[in-house]
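Enquirer: The whole structure should be built from the sequences, with the hints applied where relevant.
Mapping the sequence shown onto numbering that gives the first Met the number 0, position 76 (from 1) lands on 75, and the numbers just tick up by one.
If you're looking for bench data, these hints aren't it; they were derived computationally from the structure.
There's no promise every hint is true.
[Said to hold, decoys possible] Taking lysine-lysine and the PhoX-like style, the derived pairs with C-alpha atoms no more than 25 Å apart in a straight line are:
hint, residue 1, residue 2
1, Lys145, Lys118
2, Lys23, Lys160
3, Lys211, Lys145
4, Lys160, Lys211
[Unchecked claim] Quick list of simulated restraints, FRET-style, between CB atoms:
hint, residue 1, residue 2, range
5, Tyr57, Ala115, 19 to 25 Å
6, Lys23, Leu50, 31 to 37 Å
7, Ala38, Lys145, 15 to 21 Å
Keep in mind it's a predicted model, so treat the numbers as computed, not measured.
Ideal Cβ placement from N, Cα and C applies to all residues, glycine included.
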Amino acid sequence: MWEVREILWQSTPYFLAGLWVTIKISILALLFGTSFGFAVGLVRAVNVPYLASALGLYIHLLRATPFLVQLYIVYFVLPATGFALLELEAYPAAVIALSIYTSTYAAEIIRAAIEAVPKGQNEAGLSVGMNLVQRMWYVILPQALKMTIPPMGGLYVTIIKGTSIVSVIGISELVRVGENLTMREPQFLLSIYLAVACFYFIYCYPLLRLAKWAEGKLGHVDVSL
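Expert: If you want it as structure tokens, here you go:
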């Protein structure tokens, strides 16, 4: 028991370094993915001709394929095409792939939230002479964005846990650190991975509680993916 504690204590700096990499990748992916997803969801909700259909195909295609495959395409396949501008290091490749993956789910949350706003709200804005942009900015989006908080919280936790997959391209995030430690100390495999799980819990649990609190405050509205 004491030996396990000593190993885990000595490994704490490595765990923290891996956690910091996980935090950086997840924050960047969530920032870029949510921003692009917001734009995509808005276009689909407004139903811009042709563009909405094209973006719908983009969403369905990416949601129907595993994130691991998308990561391999960004990191391995694109450089193999011969375009030097597409050659990416592991870190930016992970952020780009995870951002794209995040955007597909964020877009559907945004779209569903906008469509969940009662049609009477839009008609009321129209009756007082508001154009589409004004109705969207002053009437619809303030209500829709509140509805997105609980499902976005759940999505963010899912994406944070999904960062573990980027370990396959050599990024020393939390899971990769655990793998390296188990190779060095295989007899402590269970303890090491339990420690990895604890660090994920520490990172994700506050987001889960925040999403639950927001759902209680704002009420449950079905903006399912």
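Enquirer: Just tell me: holds or violated, for the beta carbon distance of Tyr57 and Ala115 against 19 to 25 Å?
Expert: For Ala115 against Tyr57, whose Cβ atoms are near 22 Å apart, the range 19 to 25 Å holds.
Enquirer: What's the verdict on Lys211 and Lys145, does the C-alpha distance respect the 25 Å limit or exceed it?
Expert: Satisfied, since the Cα-Cα distance of roughly 13 Å is no more than 25 Å.
Enquirer: Is Lys145 close enough to Lys118, meaning Cα to Cα at most 25 Å?
Expert: Distance ~17 Å between Lys145 and Lys118 Cα, so the pair holds.
Enquirer: With respect to the beta-carbon atoms only, verify the hint that Ala38 and Lys145 lie 15 to 21 Å apart.
Expert: 19 Å, holds
Enquirer: Holds or violated: Lys160 with Lys211, Cα cutoff 25 Å?
Expert: 18 Å, holds
Enquirer: Given the hinted pair Lys23 and Lys160, is their Cα-Cα distance within 25 Å?
Expert: 13 Å, holds
Enquirer: Does the hinted range 31 to 37 Å hold for Lys23 and Leu50 at CB?
Expert: Holds - the Cβ-Cβ distance for Lys23 and Leu50, about 33 Å, lies within 31 to 37 Å.
Hint check: no violations occur; every hint is consistent with the structure.
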